[in-house]
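Visitor: One letter stands for each residue in the lines below.
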Amino acid sequence: MTVGRDIPSVLFGAQDEYKHLYESDPRAALKLPVTLQSGFGQLKMGTALAVNTSSSSTNYNKTIPYDQSAKTGAEASADARAYIVQDGAGTTSVSVTIDDSYKFIVGDEIQAIDADTTSADLGAITDIDRTTYPTRAVITTTNALSSGYTTANFAYVALKGSDACVGILEKSVNTGTGANAQGAIATMVLGNAIFRSGMLTNVDSAARTDLSASTYGAFTYMK
Amino acid sequence: MPRGLGDIPDLRLEVLQGFVTKFTMPPELLLMNLFSAKQSPSSTIKWESQTGSRGMTPFVPPGAPAPQTSPHGIAKHSAEAAYWKEKMYFDEEFLNNIRKEGTEQQYLGAQQRLARELAGLVNRSNRRKEWMFAKMLCDGEITYSARSGVKLAVDYDVPTSHAVSLTTNYQWESGTERDILGDIITGKRQVADDCGGKIKYALCTSKVLQYVAQDPAILTLLQKSTFGNGDLFTGSKHGIVGVNPNVLGSLLDIENLVIYDEIYEARSWLTAAVTADSTVAISVDDVSDFEVGGTLRFHDVSAGTYEDEIISAVGTEAGTVTVSTAPSTSYKAGEDYVSMKKKFIPDDKFVMFADKVEGQDIAEYFEAPYGITRRYGLKTDTHEEWDPEGIFIRVQDKGLPVLIQRDAVYTIDVN
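Chains as they are written, first to last, in the working numbering: chain G, 1 to 223; chain W, 1 to 415.
This is chain G alone, in the form it adopts within the complex:
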């Protein structure tokens, strides 16, 4: 780690603990190897996963983080989202941070979402411009982003398919962020397991419905 400081100072880091996901026998779980799309940073064991359903993209069928149902803007784990940094203006330009722009490639289909507006299908991405502005990347979409989507309302764009949970990430992986993001390969649990609910990330009630999962006390189980 290069700290890079030129003033006398002391930094104390925080301890990152290992998680323990399974309550049941991990060997009994039904799991499949999957490829995670790049750009979402480090995803912790137990994260809810979805699938990119952009049929014309080369990322089609790659797994991506699931976007939870709560959309207040205060959600701690919002890996799936790229919050817009400029209000919608009725054009096909969508501005997000440069790092967030690496969650998408040309051909990916995205949708615009905020706390209280129905999600809008922006269609396939036709261009991503990361050079014109040093502060933001501009994504050009097929359909226009209406002016109803504002930064004040925590509007964001996310990949098509990110709202349907398909499984649980079994191990922590780093999909990378920014220009050098490469994605990751990992295993995804599809069923026959009891998890400690506290170790799961973004497995909300809608995700449990998608997974046909239920809770019992402090556990979440998939039959």
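Just so you know, the hints here were simulated from the structure itself, not pulled from any lab data.
We put the beta carbon where it would ideally sit given N, CA and C, even for glycine.
Don't take each hint at face value.
Said to hold, decoys possible - Only pairs whose alpha carbons sit at most 27 Å apart, straight line, appear in this in silico DSSO-like list of lysine-lysine:
1) LYS342(W) - LYS44(G)
2) LYS223(G) - LYS151(W)
3) LYS19(G) - LYS85(W)
4) LYS207(W) - LYS19(G)
5) LYS332(W) - LYS71(G)
6) LYS332(W) - LYS44(G)
7) LYS31(G) - LYS342(W)
8) LYS198(W) - LYS19(G)
9) LYS44(G) - LYS22(W)
10) LYS379(W) - LYS19(G)
11) LYS19(G) - LYS342(W)
12) LYS237(W) - LYS19(G)
Unchecked claim - Chain G regions said to be covered by chain W (calculated; three or more residues, Cβ under 8 Å):
13) 22–32
14) 207–221
We have chain G; now place chain W onto it with these hints.
Guide: Same frame as chain G, now just chain W:
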């Protein structure tokens, strides 16, 4: 001409200089080694007892027949042993690619890593055993609720006259009529009257030692001009309070006044967000071992800060720990965590007991058999997975401390 360091951060030399640990050393556990252990042939433990009497032969007129008396009977007792175990899994990817902490380039050998984690599991298992002994002596009962639904309650049925709670005026810290010496003498007499035992051990934390050592009446007694030798603050002093417990033990005529500050910890992840100044029912991953009256510490992992609140209730079914006052900072679910550190001997208890009555131990630890091979005592083992390659390490133990002489223990709730 290069001057300064700022241009190329990657060339800045930063060397990892060390590895600092906290709470990783093996615990110094006292109680689990104090009493003898016996192997029980099954998980159900049975023993019998007899209480004699101090009866006397009656007077009779000469020529009259002798009145009849009868021998003493016998009481039957039994207990069921407790079983505790846990395991940890490591896959080959983890074991093959871990850097040794405190070094920049060294690989942490898999065997070294596994040995260290196994030692940690053994410590955890031993702490559970110690916890059972501490609960038996301090509370007269063991109650335990795990998140998975396991609830366990062992009542040692200690007579209520042997578990005294002092009222406000008599409390040791600042009670206006406190009488520490008198309370201890009363306890010693109570044990002697009830079972004939002599108090040999007294256990308390350094906090209670502080109350005793700062008590004006005791300080007066220990002055050279009165009864003592003025040596309370010399000799083998306690590390925190700075007084010599042996001097107090000698004054109280208790052979072993042990100051026992060893702690255990319960830790759990937050499963729902905690809103500053609002949330009092804290949803956590695992409520096991959190106790009402304990101090819940909220850790903000990203900020590296913490704050403490007192636990007012624990909801095992709901998976919540309720605090009396909401914390002043917000905490995130899945990232931040709470912990509770507690001493095996509570900070408000003074526990006295005779170790033997009529030459027999007042308590015993019964080991029960478990596993296919009928093992006894703590056992660690490993299990290798073939595909994908990985290894489980596991620790398990089975047994129960049993209080055979219920009235040889006397506890004072001093605050």
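Visitor: All hints, please: hold or fail.
Guide: Against the structure, the hints:
1. LYS342(W) - LYS44(G): 31 Å, violated
2. LYS223(G) - LYS151(W): It holds: about 26 Å lies between the C-alpha atoms, which stays within 27 Å.
3. LYS19(G) - LYS85(W): 19 Å, holds
4. LYS207(W) - LYS19(G): 35 Å, violated
5. LYS332(W) - LYS71(G): 16 Å, holds
6. LYS332(W) - LYS44(G): 15 Å, holds
7. LYS31(G) - LYS342(W): 40 Å, violated
8. LYS198(W) - LYS19(G): 50 Å, violated
9. LYS44(G) - LYS22(W): 25 Å, holds
10. LYS379(W) - LYS19(G): With a Cα-Cα distance of about 25 Å, the restraint between LYS379(W) and LYS19(G) holds, given a limit of 27 Å.
11. LYS19(G) - LYS342(W): 23 Å, holds
12. LYS237(W) - LYS19(G): Since the Cα atoms of LYS237(W) and LYS19(G) sit roughly 42 Å apart, the hinted pair is violated (cutoff 27 Å).
13. 22–32: holds (count 3)
14. 207–221: Coverage by chain W holds here, the residue count being 3 at a Cβ distance below 8 Å.
Checked against the numbered hints listed earlier, the structure breaks hints 1, 4, 7, 8 and 12; every other hint is satisfied.
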